[in-house]
Amino acid sequence: MKCADVEARLSAYLDAELSAELSSAVRGHLRACDACRALAEDHAHVIGALASLPPAEPPPALWAAVERGLAAAETVDARRSPWSLGGARLWARLRPHLVPAAALAAAAGLAVVVIESRRGGDAPSGSGGAGQTPQAPGVASGEPGEPSPGSATAPGSLSSPPDPDVGASPPAPSIVQPKVDIDVALAAERARLDDVYRAAVAELAEAAAEERAGWRVPEQRAFDARIAALTRTAELADDVEARERAWQALVSVLQRVALGERVAEVRR
Amino acid sequence: MVRPRARPTAASGPEDALLIEACRRGEQRAMETLYHQYKRRVFGLVHRIVGAADAEEVAQDVFVRVFRGLGSFRGDAALGTWIYRLAVNASLSHVARRGRRGEVGDDELERVAAPEEARRDPRLSERVEAAMAQLPAGYRAILVLHDIEGLSHEECAAIMDCRVGTSKSQLHKARGRMRELLGPALAAERARGGGPVPASDDGGEGLA
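Line by line, the protein sequences are chains Y and P.
Residues 1 to 268, numbered by my numbering, are exactly what the first sequence covers, in order.
Residues 1 to 208, numbered by my numbering, are exactly what the second sequence covers, in order.
Because the hints were derived from the structure by calculation, they are not lab data.
Be aware that a few hints might be false.
Derived DEER-like restraints, expressed as beta-carbon distance ranges [what the hints assert, rightly or not]:
no., chain 1, residue 1, chain 2, residue 2, range
1, P, Glu15, Y, Gly214, 41 to 49 Å
2, P, Pro184, Y, Arg216, 28 to 36 Å
3, Y, Glu7, P, Ser72, 18 to 26 Å
4, P, Gly71, Y, Trp215, 39 to 47 Å
5, Y, Ala32, P, Arg163, 30 to 38 Å
6, Y, Ala225, P, Arg68, 31 to 39 Å
7, P, Glu15, Y, Asp5, 39 to 47 Å
8, Y, Pro218, P, Ser72, 18 to 26 Å
9, Y, Cys33, P, Cys162, 44 to 52 Å
In this text, a Cβ means the ideal position worked out from N, Cα and C, and glycines have one as well.
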């Protein structure tokens with residue numbers, strides 16, 4: 001064992017973390033090497049001195065200070081709305097609504113692809129393409145298997161023009177029908193999501209307003225502008241994912257402000 | 001011959017669960033009991049990481065976090081480990097926010113001069129504390145947890161959220177840095193021919 005090997009293992013040796021064989025080897029080296037022995041003694045002195053340090057006695061007033069800190073925190077809690085106090089619960093309440101929306105969005109995308117594929121195949125002759133899409137009805141109708149009641153709507157609500165050959169071509173209605181279900185279900189889900197988010201935002205906004213009242217005017221303006229922009233996107237964006245992102249951002253900003261956090265984008 | 005020292009083992013108190021439940025219900029006596037059970041360990045840790053000037057403020061913050069966080073404490077770690085983790089995180093965050101303002105400078109080390117007399121340095125504790133103040137906060141934390149509080153590397157790693165190997169290497173580097181900072185004093189100790197300062201077998205309370 002060389003000096004470098006011993007030096008690298010000194011802490012482990014002194015803490016009795018080496019195997020018996022390694023400890024013996026280190027000890028044997030220390031017997032023969034003055035420099036390493038001096039190093040080991042220094043390390044042992046450091047360790048011993050640290051362990052012998054007198055305890056740092058907490059000041060008698062510390063408990064009173066802790067009680068004051070707890071009282072202050074509870075006073076702040078009392079000013080907040082239940083929404084702002086239950087961040088984790090808020091997301092637990094919202095999360096179940098986010099997954100079906102994403103699944104529906106994915107299903108809608110799939111259905112559109114199938115429909116576009118079907119249209120493209122039917123356009124030239126109407127015979128060759130039909131044979132290419134026997135699986136389409138099953139694929140497309142499988143996803144919206146739990147549409148809301150009433151979502152199995154009449155052809156009059158189709159967003160695309162009705163197919164004039166619908167009566168002569170049996171597969172066509174079953175291909176178009178899923179898109180109707182998805183559109184309606186998606187709209188219903190979106191409306192339900194919006195309602196949930198609006199309720200959350202309304203409650204959080206009340207708590208955030210209390211924090212905002214203590215800010216400087218430029219900060220209040222920046223905050224208001226940020227909230228207005230997010231609200232516009234959340235209410236008006238056609239894209240489902242963009243709406244969700246905006247709602248989530250809105251809730252997040254309001255929640256952080258309501259909790260007293262100095263949100264970077266509005267506290268410059 | 002320089003030999004390994006004995007180390008205390010960490011123990012877990014079965015009464016912690018009852019104490020935690022009582023604290024969650026807001027029972028004053030339980031909260032005071034928990035405070036008194038951990039006040040020296042928390043304050044000692046905080047004191048040696050952030051320094052005397054800010055120790056009370058940070059220790060207060062730690063205990064407020066402890067009592068407000070007990071509701072979400074799931075018992076995955078021992079109560080003591082969890083409290084230490086809060087204390088280390090609060091202390092390191094405080095040091096990071098503060099920067100190097102208020103830390104002991106080289107001048108202070110020089111003021112604690114090496115002793116002339118050939119006997120056990122009566123100011124060794126001061127010298128060690130001053131040397132510790134020269135270390136990066138992370139080194140201070142591992143020295144306090146392992147060498148002063150007597151925790152195992154597994155406990156240190158859990159508290160500092162790092163690997164056991166990292167805890168060991170940090171400790172080795174921290175001790176090496178302490179040896180450099182205490183160089184003259186250690187040379188004097190060696191010249192006196194005294195053995196290393198004995199580590200007390202009951203030096204650490206272990207984790208409850």
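Hints, one by one, checked against the model:
1. For the pair P/Glu15 and Y/Gly214, the beta carbons lie near 44 Å from each other, so the given range of 41 to 49 Å is met.
2. Checked against the given bound of 28 to 36 Å, the beta carbons of P/Pro184 and Y/Arg216, roughly 54 Å apart, lie outside it.
3. The beta-carbon spacing between Y/Glu7 and P/Ser72, approximately 44 Å, falls outside the hinted interval of 18 to 26 Å.
4. For the pair P/Gly71 and Y/Trp215, the beta carbons lie near 30 Å from each other, so the given range of 39 to 47 Å is not met.
5. A hinted range of 30 to 38 Å for the beta carbons of Y/Ala32 and P/Arg163 is consistent with their spacing of about 34 Å.
6. Checking the proposed 31 to 39 Å range against Y/Ala225 and P/Arg68 shows it holds: the Cβ atoms sit about 34 Å from each other.
7. A hinted range of 39 to 47 Å holds for the C-beta pair P/Glu15 and Y/Asp5, which are about 46 Å apart.
8. The beta-carbon spacing between Y/Pro218 and P/Ser72, approximately 36 Å, falls outside the hinted interval of 18 to 26 Å.
9. The supplied range of 44 to 52 Å is broken by Y/Cys33 and P/Cys162, whose beta-carbon atoms lie about 32 Å from each other.
Hints 2, 3, 4, 8 and 9 from the list above are not met by this structure, while the remaining hints are.
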